[in-house]
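Peer 1: This is what each chain is made of:
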Amino acid sequence: MSTTLLLVQGLNGLQLGILLFLIAAGLTLVFGVMDFINLAHGVQYMVGAYFAAFFAAQTGSFWLALLLALPAALLFGLLLEFLVFRHLYDRDHMAQVLATFGVILVLNQGVKMVFGAAPLQVPLPDALTGGIRVMDGLLYPTYRLAIIAGGLATAGLLWWLVERTKVGMLVRAGATNAPMVAALGVDIRRLFMIVFGFGAMLAGFAGVLAAPILSVEPGMGDNLLILAFVVIVIGGIGSIRGAFLAALLVGLVETLGRSMMPDLMRLFLSPSEARQVGAALSSMLIYIAMAAILAFRPAGLFPVRAS
Amino acid sequence: MRQLRSELPALLLLGALALAPFVGFGEGYVLTLLARAMILAMAAVALSLLVGGAGLVSMGHAAMMGFGAYAVVILDDARIVEAHVVLPVAILAAAGFALVTGAVAVRTSGVHFIMITLAFGQMAFFTATSLAGYGGDDGYTLYARNTVAGGRLLENKLAFHYVCLGALTASWLLCRMLLASRFGRVLRAVKGNPMRAQALGFDPYPYRLTAYVIAGAIGGAAGFLFANAAEFVAPAYISWQRSGELLFMVILGGLSGLHGALLGALGFVLLEEWLSHQWEHWRILFGVLLILAVLFLPNGLSGIPGQVAKGFRRG
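Going down the list, the sequences are from chains A and B.
Those letters in the first sequence? Residues 1 to 307, per full-length UniProt numbering, in order.
Those letters in the second sequence? Residues 1 to 315, per full-length UniProt numbering, in order.
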């Protein structure tokens with residue numbers, strides 16, 4: 001495999017990792033602070049992409065669509081919290097898994113009803129079309145580089161919010177020991193609403209970013225949701241830093257594995273077998289990694305919960 | 001007598017299923033639907049043993065059915081269609097998968113168990129999609145149903161109905177006996193308080209692993225029947241959404257006893273079928289009903305009489 005190809009796949013992996021991080025950040029905080037499993041977090045990503053598609057079609061501008069989709073995703077997240085999720089905080093994980101599974105069914109079918117089953121296209125913003133010469137003979141799409149840059153900037157902002165502000169301090173405290181924070185007089189429900197709305201907006205943001213390069217379709221969040229869960233379990237539930245590193249790791253392993261595994265297998269197997277086995281193995285790689293990490297470090301790489 | 005009373009709901013349900021073909025539910029279409037419900041109920045009963053009995057909430061139970069179903073597919077491709085060969089292979093394949101994955105998974109508990117079973121389920125799913133020789137993503141259509149002693153017994157819809165009912169009854173009895181035995185009491189003790197159970201000298205690990213393998217084996221048998229019922233197997237049967245649905249059947253029915261899983265699976269399949277004829281976008285209603293069921297029926301369908309009685313007493 002040439003250096004060029006490796007670099008391209010590395011950048012693709014980084015980009016997938018960034019999108020995963022944006023989704024996993026909200027998920028891990030909600031999970032960490034309120035001990036709430038939200039399977040419906042993936043549909044927040046889908047809803048964000050649909051908002052982008054809708055607003056882009058209405059206004060004709062990607063930037064306006066981005067500007068409108070973010071508050072829309074935030075409001076939508078808060079609406080869901082108000083209607084369903086806040087009634088589940090005191091229930092066990094099983095009830096949470098099932099009720100949020102119901103939310104997935106409703107929303108996946110809901111967007112199908114409103115927008116149709118066919119994938120929607122969102123045009124690239126004019127300023128970010130074309131490519132940038134990363135090295136000799138390698139032209140990488142500008143928009144994908146912009147996703148990486150935007151995602152990294154958001155991660156930085158998030159780090160500042162969580163590590164350097166008062167609300168962030170409460171969130172970290174809540175992830176470590178929520179009952180204690182509540183006992184100290186903090187309205188943990190309100191704190192959770194803020195975290196929840198913010199997480200929904202981040203997932204929506206990931207959806208908006210992904211909309212121009214992936215097809216916007218019902219169920220697009222389901223597979224990313226599972227990857228995001230892998231990310232937060234590997235990273236340690238409630239840990240933003242863990243989520244960031246694990247997201248990049250999962251993004252890179254997933255992308256590089258997909259391109260390199262078949263070649264690797266060719267060393268042992270015939271070409272057609274190598275392609276099949278390689279594809280299967282590369283899809284499994286991150287789950288194998290997760291199972292291994294859970295078996296040896298059950299609390300993930302960066303545990304935050306007080307035991 | 002008291003023991004019989006607690007089994008009454010399950011016995012009534014099984015009895016109703018036995019009579020169903022003779023009281024107006026004997027059409028081919030209805031029998032197909034009932035067979036599907038009974039097969040899923042089998043898997044749900046096994047899952048209920050794990051969730052209700054051992055506190056192991058598995059999000060990868062569909063993979064067990066998948067192993068059973070793919071055993072049928074692979075043997076079908078090799079022209080091995082005798083049920084007395086295929087069924088044991090299906091059960092062993094699923095039990096083997098449960099043993100290997102369970103050895104790692106049952107070390108964890110709570111959320112981590114949900115996640116790790118989800119991960120193993122996804123591995124099985126991706127393995128199935130990569131089986132290009134057996135249709136890959138598109139799935140595989142069987143040449144015919146498996147034969148019993150060379151005869152086409154399973155092709156007969158009425159016979160297949162009773163085969164499924166027999167398998168369901170056997171699975172229910174097995175799980176029932178397990179839960180009532182010393183083994184089941186240890187499982188429940190571990191579920192209630194692992195620390196205390198350990199202090200009493202019980203190592204939870206072998207008990208939980210055994211329960212996981214037995215549930216896997218029953219899942220494999222259900223997968224065998226599922227493949228024969230549909231005469232078609234696809235990776236979509238192993239997707240995590242499927243595992244979620246199985247879990248839903250268990251919770252929908254209620255965890256107070258194994259009859260909850262029976263009730264939940266039947267309710268789920270019949271509701272799905274009925275709603276899908278009412279409205280193109282029936283999944284919206286289905287999802288809303290699921291959410292409402294979780295919010296307002298904490299003890300599931302089988303808890304409704306208790307809730308009503310309580311309401312009356314209060315009123």
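Check before you lean on any hint, since a few could be wrong.
[Claimed, not checked] The calculated DMTMM-like cross-link candidates involving lysine to aspartate or glutamate, where the alpha carbons are at most 25 Å apart (straight line), are:
#1 191/B x 81/A
#2 112/A x 27/B
#3 112/A x 7/B
#4 157/B x 82/B
#5 157/B x 27/B
#6 191/B x 217/A
#7 191/B x 90/A
[To be verified] Over 10 Å on every C-beta distance to chain A, these chain B residues come out as not near it, computed from the model:
#8 119
#9 127
#10 138
#11 280
For the record, the hints were derived by calculation from the structure and aren't laboratory data.
Glycine included, every Cβ here is placed at the ideal spot set by N, Cα and C.
Peer 1: Holds or violated: are the alpha carbons of residue 191/B and residue 217/A at most 25 Å from each other?
Peer 2: violated, 41 Å
Peer 1: For a C-alpha distance cap of 25 Å, please report whether residue 112/A and residue 7/B respect it.
Peer 2: With Cα atoms ~43 Å apart, residue 112/A and residue 7/B exceed 25 Å; violated.
Peer 1: For the pair supplied as a hint, residue 191/B and residue 81/A, is the alpha-carbon distance within the 25 Å limit?
Peer 2: Violated, at about 31 Å.
Peer 1: For residue 191/B and residue 90/A, compute the direct alpha-carbon distance and say whether it is at most 25 Å.
Peer 2: holds, 20 Å
Peer 1: Confirm or reject: residue 119/B is not an interface residue toward chain A, with every Cβ-Cβ distance exceeding 10 Å.
Peer 2: violated, 4 Å
Peer 1: Does residue 157/B pair with residue 27/B here, judged by a C-alpha cut-off of 25 Å?
Peer 2: holds, 9 Å
Peer 1: Measure nothing beyond the straight line between the CA atoms of residue 112/A and residue 27/B; if it is 25 Å or shorter, mark the hint as holding.
Peer 2: Distance ~34 Å between residue 112/A and residue 27/B Cα, so the pair is violated.
Peer 1: Please check whether the beta-carbon of residue 280/B is more than 10 Å away from every beta-carbon in chain A.
Peer 2: violated, 8 Å
Peer 1: Measure nothing beyond the straight line between the CA atoms of residue 157/B and residue 82/B; if it is 25 Å or shorter, mark the hint as holding.
Peer 2: holds, 18 Å
Peer 1: If we take the beta carbon of residue 127/B, is the closest beta carbon in chain A still more than 10 Å away?
Peer 2: violated, 5 Å
Peer 1: Just checking, residue 138/B versus chain A, shortest CB gap more than 10 Å?
Peer 2: About 14 Å separates residue 138/B from the closest Cβ of chain A, which puts it past 10 Å; holds.
When the structure is compared with the earlier hints, violations turn up for hints 1, 2, 3, 6, 8, 9, 11 and for no others.
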